[in-house]
Amino acid sequence: MDEGLRSELQKQGVFTTTLEDLYNWGRKNSVWPLGFGLACCAIEMIAASMSRWDLARFGAEVFRPSPRQADLMIVAGTVTKKMAPQVVRLYNQMPEPKYVIAMGACAISGGPFKQGYNVLKGIDRYIPVDVHIPGCPPRPEALLHAFMTLQEKIDQQQLTGANRPRHLNADQPSEFPVPEFGEHDLVPPSNPAVWKAPMLKRQG
Amino acid sequence: MPADYLPVIVLMLAAVGFALTPLLLAWLWAKKFSPNKPGKDKNATYECGLESKGDAWIQFKSEYYLYAIIFLIFDVETIFLLPFAVAFAGLSVWAFVEMMVFIFMLVVGLLWAWQKGVLTWK
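Just so you know, the protein sequences line up as chains A and B, in that order. Numbering-wise (this note's numbering), the first sequence opens with residue 2 and increments by one. Numbering-wise (this note's numbering), the second sequence opens with residue 81 and increments by one.
There's no promise every hint is true.
Among chain B residues calculated to face chain A with C-beta under 8 Å, some are [unchecked claim]:
1) Ala110
2) Ser114
3) Pro115
4) Lys117
5) Gly119
6) Lys122
7) Glu127
Derived pair list, reagent style SDA-like, types lysine to any residue, alpha-carbon separation capped at 20 Å [stated by the list, open to error]:
8) A/Lys83 to B/Pro118
9) B/Lys112 to A/Pro193
10) B/Lys112 to A/Trp26
11) B/Lys117 to A/His168
12) B/Lys112 to A/Leu23
13) B/Lys117 to A/Trp26
14) A/Lys154 to A/Ser67
15) B/Lys112 to A/Asn164
16) B/Lys120 to A/Glu176
17) A/Lys83 to A/Gly162
18) B/Lys111 to A/Glu181
19) B/Lys117 to A/Ser67
20) B/Lys111 to A/Lys197
21) B/Lys112 to A/Gly162
22) A/Lys82 to A/Pro193
23) B/Lys112 to A/His168
24) B/Lys117 to A/Leu23
Think of the hints as simulated: they come from the structure by calculation, not from any bench. Computed from a predicted model, the values in this text were never measured in an experiment. Heads up, the beta-carbon is just placed ideally off N, CA and C, and yes, glycines get one too.
The shape of chain A in the complex, shown without the other chains:
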């Protein structure tokens, strides 16, 4: 149905929708996060879910203690190399459709610990991240903004066609390889299917 006809019908008091819109509308307003905090960003995440910022306005107040019931993983804090396999495994245990918000400087890049030997330089090396939030730690408003961005992303997902999201495509994986502890680093150091090292373009 084209937009013109739809708005014309709306003027007459007839509201139309599509199955896809209805599906995405329901999904984006009932995203249940995994109750899962890694470092100080988790305190901001907890604050965002409490009465002052009230994540419940977006239908996301139900923090689930089990990955089986969660739709959204908020990676809130520093991911150490010791913790990274557990984070990936928890992500694997979540049912599709699942989304990831990388919250804070550490979760997106390693943050202030980037030069350290034991901190993962961004969780996007192993799992596909939908929304990145910078900040150390990001304010609850930033998390709310990330949440609204994610809602917009969910709203635009198509039910059929070549561009349909991963959870509707049988050929795309639901689980991602869990890294293991190697002699010096995690093995593999990143998942090439989801992350490619940024190449510096040298001038001259």
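Following the hints, put chain B in place on chain A, whose structure we already have.
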């Protein structure tokens, strides 16, 4: 009259339908749109991010059980001894004898356990 129960049957059908229709719709939706994607991690029993190791069928020392039983002897004894001590001055001789019999029974139990070697940790 069986016919009087018709509204009840209709209500019951509506209630069952109310419960089953969403399940059926979800099942049909999964068939039509979202493919099933089981996996090793997803099907794992343990769900805290770590892999489970070893066997849950371990042997547990029976001494713990015996110690708990003997602890119970002293526990019950204390509960009865405290009010006995508080009201001691006002008690009759017969009440005193009864209390001694009670303590004697518990002591016999303890001696039996001691003689059985329960009090030595192996």
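Status of each hint after checking the structure:
With its C-beta approaching chain A no nearer than about 10 Å, B/Ala110 sits outside the 8 Å limit, and its interface hint is violated. Interface restraint check for B/Ser114: the shortest CB-CB distance to chain A comes to about 6 Å, inside 8 Å, so the restraint holds. Checking B/Pro115 against chain A by beta carbon gives a least distance of about 4 Å; that is within 8 Å, so the hint holds. Given the 8 Å rule on beta carbons, the hint for B/Lys117 holds: about 4 Å separates it from the nearest Cβ of chain A.
Given the 8 Å rule on beta carbons, the hint for B/Gly119 holds: about 4 Å separates it from the nearest Cβ of chain A. Interface hint at B/Lys122: satisfied, since its Cβ lies 6 Å from the closest Cβ of chain A, which is below the 8 Å cut-off. The beta carbon of B/Glu127 comes within 5 Å of a beta carbon in chain A, closer than 8 Å, and the hint placing it at the interface holds. Using a Cα cut-off of 20 Å, the hinted pair A/Lys83 and B/Pro118 is violated, with the two alpha carbons roughly 26 Å apart.
Simply put, B/Lys112 and A/Pro193 have alpha-carbon atoms about 31 Å apart, too far for the 20 Å limit, and the pair is violated. Simply put, B/Lys112 and A/Trp26 have alpha-carbon atoms about 19 Å apart, close enough for the 20 Å limit, and the pair holds. For the proposed pair B/Lys117 and A/His168, the alpha carbon gap of about 9 Å is at most 20 Å, so the pair holds. Simply put, B/Lys112 and A/Leu23 have alpha-carbon atoms about 16 Å apart, close enough for the 20 Å limit, and the pair holds.
Using a Cα cut-off of 20 Å, the hinted pair B/Lys117 and A/Trp26 is violated, with the two alpha carbons roughly 24 Å apart. At roughly 24 Å between alpha-carbon atoms, A/Lys154 and A/Ser67 are farther apart than 20 Å, so this suggested pair is violated. Of the pairs offered as hints, the one joining B/Lys112 and A/Asn164 holds, with about 17 Å between alpha carbons and a cut-off of 20 Å not exceeded. Between the alpha carbons of B/Lys120 and A/Glu176 the distance comes to roughly 8 Å, so the proposed pair stays at or under 20 Å and holds.
Among the hinted pairs, A/Lys83 with A/Gly162 is inconsistent with the structure: their alpha-carbon atoms are about 39 Å apart, more than 20 Å. Distance check on the hinted pair: B/Lys111 and A/Glu181 sit about 35 Å apart at the alpha-carbon level, beyond 20 Å; violated. A threshold of 20 Å between alpha carbons decides the hint, and for B/Lys117 with A/Ser67 the separation of about 18 Å falls inside it, so the pair holds. Distance restraint check for B/Lys111 and A/Lys197: the Cα-Cα separation of roughly 35 Å exceeds the 20 Å cut-off, and the hinted pair is therefore not satisfied.
Between B/Lys112 and A/Gly162, the direct Cα distance comes to roughly 13 Å. Compliance with the 20 Å bound is thereby established for this hinted pair. Between A/Lys82 and A/Pro193 the CA atoms are separated by roughly 17 Å; this keeps the pair inside 20 Å, and the hint holds. Distance restraint check for B/Lys112 and A/His168: the Cα-Cα separation of roughly 13 Å lies within the 20 Å cut-off, and the hinted pair is therefore satisfied. Restraint check for B/Lys117 and A/Leu23: the C-alpha separation of about 24 Å exceeds 20 Å, so the hint is violated.
Hint violations for this structure: numbers 1, 8, 9, 13, 14, 17, 18, 20, 24, all remaining hints satisfied.
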